[in-house]
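Chemist: The chain contents come next:
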Amino acid sequence: MPDINALKLEAKRILREGIVDVVVGFKPGDSPLHPQPAFFRNEDEVEELIHNGLCKNNLANYLTRLPKQEKVGILVRGCENRSVNSLIVESQKERDDLYLIGIPCEGIIDWRRIVEQAGEHISMVEDNESEVTVHAPTGVNSYNRFDLLHESCQRCLHRNPVSADTLIGDPVANGSLELATQKVKNFESQDIEARYAFFQKEAERCIRCYACREACPSCYCTECFVDHNTPRWTESGATPAGMQGWHIVRAFHQSGRCTSCGACERACPMDIKMTYLTEKLNHDMREKYNFECGMDAETKPPFQTVTLDDKNRFFVGGGK
Amino acid sequence: MNLILPKIDLPDLLQSWRKKFTVFLPQKLERFSHFMPLDDANAEILEQPHNTRIPPKALFLPMTEALVKFTRFGTYDDAELEVSPRIVFGMRPCDAQAVQLLDTVFEQEQYTDPFWVKRQEKTIRIGLGCHVPCANGFCTTVGYGPFSKDGLDILLTDLGDSFLVEVLSESGKTLFENLHEASEELKNQAKEIQHKAHDAMPIAFETENLKEKIEQNFKSDYWDEVSRSCLGCGVCTFLCPTCFCFDIVDEVQRQERVRNWDSCMFRIYSLEASGHNPRPSRIERTRQRLSHKYAYWLDQIGLIGCTGCGRCVSYCPVGLDIRAMLRQAQSLPFEVSHAE
Amino acid sequence: MPNNSRSPYTPMPMRVLRAYYESTDRSLKTLELSFESSEDRKAFFAKFNPGQFCLLSVAGKGESALGVASAAWEGDFVRFTAQRMGTVTNALHALKAGDPIGMRGPLGNGFPLDDWKSKNLVIIGGGCAFSTLYALTKHVHHPDNRDDFGKITLVYGTRTSGLCMYKHDIASWHEREDMEIHQAIDVPEENWLHHVGYVPDVVKEVAPSPENAVAVVCGPPIMTKFTLPALLELGFAPEAIFTSLEKRMKCGLGKCGRCNLGHKYICKDGPVFSLAELNALPADL
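Residue numbers (the working numbering), protein chains in the order written: chain A, 2 to 321; chain B, 2 to 341; chain C, 28 to 312.
Treat each hint with caution, since some may be false.
A short, non-exhaustive set of chain B residues, derived as facing chain C with CB atoms under 8 Å [said to hold, decoys possible]: (1) 18; (2) 77; (3) 101; (4) 104; (5) 105; (6) 106; (7) 245; (8) 250; (9) 251; (10) 270; (11) 279; (12) 282.
Keep in mind the hints are simulated off the structure, nothing from the lab. Keep in mind the model is a prediction, meaning the values are calculated, not measured. Don't be surprised by glycine CBs; every beta carbon is placed ideally from N, CA and C.
Sequences and hints are given; from them, build the entire structure.
Modeler: Below is the structure:
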């Protein structure tokens with residue numbers, strides 16, 4: 002866990018020295034299970050800053066929501082740092098307008114797993130390196146931290162920030178490629194009927210609340226394809242066609258743009274698994290193009306490297 | 002009428018109702034519980050203390066339903082709706098109260114909604130009181146309670162080995178014909194459980210003058226403060242048992258005009274064809290959501306349009322908590338109105 | 028098939044009687060619709076009042092809320108003028124005489140004509156929102172109704188002369204002795220004999236008397252925004268100033284929640300509100 006005092010000192014310093022206008026971090030919520038994203042604009046406000054394993058949002062999401070001209074300091078874990086880079090590559094923010102406070106990450110705890118284990122009346126959660134201690138009226142219990150992690154964090158490959166301006170805490174060991182790709186490989190090994198059945202079962206629980214979209218830093222379009230009405234690209238209701246359409250197209254729009262942060266799944270109120278789709282795309286990007294999204298702030302995702310003289314005939318000027 | 006239903010008899014009773022009714026009860030779906038029809042397998046009676054993830058309003062106002070059938074020749078007909086007699090078993094009082102609130106929207110004298118009414122008329126609602134207080138609910142704060150009877154035909158109180166069955170309507174009577182009348186002792190025991198449960202619910206915020214404070218601070222920075230981290234998704238409204246907004250769209254392939262749940266938290270909800278949007282940012286949309294529940298409902302029917310189920314608190318992806326928002330609203334300045 | 032038990036979401040069958048462009052730039056088209064069923068016709072006219080609106084329906088495209096632009100005495104038809112804007116209004120523009128179309132209505136409250144009896148009417152319109160005011164003026168002009176009201180003062184502004192609607196009638200109104208009419212366009216044009224300028228300024232210039240009068244304003248939001256204070260300045264009381272509101276609508280029945288304004292629904296409780304009523308509602312427009 003990061004040294005909270007060191008984090009606060011750094012946040013205060015960059016505000017005090019005018020390096021940034023705002024620092025994006027977390028503050029405590031009403032329940033210890035739900036810390037909230039927060040925006041600190043002066044040193045006094047920074048006193049509220051917290052950072053722990055229950056901070057479940059990808060803060061890079063707010064870069065496209067804050068006023069464009071603002072200089073932003075932001076707390077970034079591995080995935081968040083990559084999302085920030087991806088937004089810089091896509092011209093959504095200038096690197097010079099950002100100050101990244103890096104935090105090596107031990108993974109985000111899935112609060113629902115705590116509730117499943119200890120009930121919903123949680124008064125305190127102590128997040129230690131390998132153990133999480135939960136205080137509930139029924140007693141104080143400790144759980145293995147890895148078991149409580151959100152799935153996307155259990156298989157996380159890049160836990161350390163990749164381009165932070167400063168790092169608070171010592172780097173942690175990165176994940177293994179074998180573990181990271183295991184889920185995709187398991188899914189790929191099933192026959193087409195089984196894969197489609199799984200896709201249907203997950204997608205059709207959808208209520209079209211678009212929490213997955215809103216929680217994703219890459220989903221910053223002013224008008225999403227599902228909201229477009231001339232023409233309408235997909236049914237907007239909670240029908241099988243509409244729900245499948247949403248889930249498959251949402252995933253495809255992430256090709257080479259997803260940092261495996263898992264914010265979409267964590268936001269879903271219906272516990273729908275979605276990252277198996279984006280992980281497959283990420284896997285293909287790695288295998289076919291040797292590309293991982295957001296590892297630096299310059300390299301464009303393969304599908305954004307279109308040129309007018311592309312040799313494929315379906316491009317303007319192609320086939321010549 | 003107060004009857005006693007031994008828990009051991011419940012599975013058979015549920016099955017016997019299936020002869021005449023479709024019986025919906027909370028069952029496990031993935032990692033949460035969901036109202037689903039009972040089937041041949043003796044369904045598990047979930048001993049989970051609290052409400053389902055999706056409120057049972059969905060049984061009356063489905064996420065998607067056809068309103069009109071049309072043809073390419075430009076003719077229109079009512080969409081057909083067959084509803085078999087149904088029992089909804091295990092509705093929590095907050096959710097039943099919410100359905101009753103929604104009746105005032107869908108069953109107005111001027112225009113009644115035939116789809117809502119049809120489902121209503123065919124449904125017997127059996128409530129299960131909450132003897133264990135839930136962590137994020139605040140029913141007593143908003144004037145309701147863990148054993149509220151509004152909107153229910155039957156209210157059950159968990160007595161351990163049995164349920165006390167309070168029959169609240171004629172249609173509820175026929176379902177429990179062979180049960181014994183509860184003894185005074187058990188009735189008193191139930192009352193005590195109900196009172197204890199009521200007292201165990203903390204008051205999450207004060208509601209006095211809350212409406213005035215919300216109304217009079219329409220232009221306050223408060224709305225910016227409480228909406229800053231809001232993502233603008235529809236979780237709070239879709240999981241809300243009293244939210245009822247819907248969109249109407251034409252599905253050409255199916256030749257149906259359908260209604261879908263919609264949310265005032267979405268940008269396109271209020272976006273007009275001219276490009277003008279009366280609620281252009283999350284600030285105005287958050288204000289609309291809270292004002293509707295805590296001011297406009299009160300003007301319309303004199304009740305708060307939130308039953309305190311706590312779903313929006315539990316499932317907000319950024320941990321926004323309506324209780325904290327309203328506590329903060331209590332510190333807003335206001336003037337007492339001397340009208341009337 | 029006449030069907031009186033139809034759901035309030037199901038449109039009644041109508042047919043396009045006449046369809047013609049209303050403006051020289053073809054952005055405005057008028058549709059006059061006749062009823063396919065006499066029961067529907069009777070039910071419609073039993074409820075109809077100027078200021079109400081209907082939802083016109085094009086199968087597969089959706090519905091669009093439009094104010095009724097005809098008076099009941101004109102005949103067994105209903106008139107609408109649609110500005111080409113989105114999916115549905117584009118489809119409406121493609122309709123021609125003889126085409127089927129769906130309609131729900133009349134919806135909303137309409138103008139409170141009973142309260143306006145024996146009063147002078149100051150009617151102020153801008154752009155295509157003038158349509159319901161046209162219906163109002165036509166209604167008042169009928170010999171059976173004319174004596175119920177006092178003097179009529181009409182101010183009607185459009186961006187250009189080509190965008191002026193219902194030209195034939197309006198030209199004839201200049202000849203009438205029982206009304207005063209002021210037409211305006213935003214920028215000067217050759218051969219234009221009337222006012223040049225924005226509606227709020229024309230209202231100030233014309234300065235209608237608030238004495239025993241009500242003013243009704245329908246126009247684009249920006250025009251309404253500046254006309255209302257101008258009327259207050261002239262001495263009209265908030266209770267004597269009326270306007271018709273627009274917001275996105277879907278159901279038209281006060282259920283879908285979309286046109287919610289404070290504790291009111293514009294579709295069901297409006298669209299016509301007095302300024303006094305609006306002042307008591309949140310500025311959520």
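Chemist: Does each hint hold? Answer for all of them.
Modeler: Status of the hints after comparison with the structure:
The interface hint given for residue 18(B) is broken, as the beta carbon of that residue sits about 30 Å from the closest beta carbon of chain C, more than 8 Å. Interface hint at residue 77(B): satisfied, since its Cβ lies 5 Å from the closest Cβ of chain C, which is below the 8 Å cut-off. The beta carbon of residue 101(B) is not positioned within 8 Å of any beta carbon in chain C (closest approach about 16 Å), and the interface hint is therefore violated. At about 12 Å, the closest approach between the beta carbon of residue 104(B) and any beta carbon in chain C exceeds 8 Å, and the interface hint on this residue is violated.
With a cut of 8 Å, the hint placing residue 105(B) at the interface with chain C is violated, because the nearest CB-to-CB distance is about 11 Å. Among the interface hints, the one on residue 106(B) holds; its C-beta lies about 6 Å from the nearest C-beta in chain C, closer than the 8 Å criterion. Among the interface hints, the one on residue 245(B) holds; its C-beta lies about 6 Å from the nearest C-beta in chain C, closer than the 8 Å criterion. Checking residue 250(B) against chain C: minimum C-beta separation of about 7 Å stays under 8 Å; hint holds.
The beta carbon of residue 251(B) is positioned within 8 Å of a beta carbon in chain C (closest approach about 5 Å), and the interface hint is therefore held. The interface hint given for residue 270(B) holds, since its Cβ lies 7 Å from the closest Cβ of chain C, which is under the 8 Å cut-off. Among the interface hints, the one on residue 279(B) holds; its C-beta lies about 5 Å from the nearest C-beta in chain C, closer than the 8 Å criterion. Contact between residue 282(B) and chain C, as hinted, is not supported at the beta carbon level, the nearest pair being about 13 Å apart and thus beyond 8 Å.
Hint compliance for this structure: hints 1, 3, 4, 5, 12 are not met, and every other hint is.
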